[in-house]
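Q: Sequence:
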Amino acid sequence: MNSQQPEMITERHHPEEFIKSIEHDPQASKKIYEQFCATCHDKAPEIELGAPKIGVTKDWQLRTKQGIEGLLAVTKNGLNQMPPRGGCFECSDDQLRAAIVYMLPSSKKSLKK
163 MNSQQPEMIT ERHHPEEFIK SIEHDPQASK KIYEQFCATC HDKAPEIELG APKIGVTKDW
223 QLRTKQGIEG LLAVTKNGLN QMPPRGGCFE CSDDQLRAAI VYMLPSSKKS LKK
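My numbering applies: residue 163 is where the sequence shown begins, and numbers increase by one.
None of these hints come from the bench; they were simulated from the model.
Here the structure is a predicted model, which is why all the values come from computation and not from measurement.
It cannot be assumed that every hint is accurate.
[Unchecked claim] Ranges of calculated distance between the beta carbons of each label pair, as one might list FRET restraints:
#, residue 1, residue 2, range
1, Lys227, His176, 36 to 44 Å
2, Phe180, Val236, 21 to 29 Å
3, Val218, Ser183, 24 to 32 Å
4, His176, Lys220, 32 to 40 Å
5, His176, Ser268, 28 to 36 Å
6, Leu241, Lys192, 20 to 28 Å
The C-beta atom is built at its ideal place from N, Cα and C for all residues, glycine as well.
Modelling step: build the complete structure from the supplied sequences, incorporating the hints.
A: What follows is the structure, given as structure tokens:
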């Protein structure tokens, strides 16, 4: 690693700008998923850590029993290798909720508290 790499990463990573750019976007939950969650939660993740996969019912079956607020609490606190807030420290709780619902199987999209 050369001494310029951290600076280069800092120059490219602007989460505040990203969050602001999706503020009124109807696809915000999808974009948050793609930016922060897909690395581990995609059906073919870049990093395989055992995280539940987007839309895969069996992966979410036990997890959804805790309701959306339970899933949000886990997301806010982090779990195993998942950082707090799923790495989206700038995301509001509502944005995190929306990203969680986006990942759920279609049969669980109406998940309530």
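Q: Hint by hint, say whether it matches the structure.
A: Now the hints, each set against the structure:
no., hint, result
1, Lys227 - His176: 36 to 44 Å, "37 Å, holds"
2, Phe180 - Val236: 21 to 29 Å, "23 Å, holds"
3, Val218 - Ser183: 24 to 32 Å, "29 Å, holds"
4, His176 - Lys220: 32 to 40 Å, "37 Å, holds"
5, His176 - Ser268: 28 to 36 Å, "33 Å, holds"
6, Leu241 - Lys192: 20 to 28 Å, "22 Å, holds"
Consistency with the previously given hints is maintained throughout, with no hint failing.
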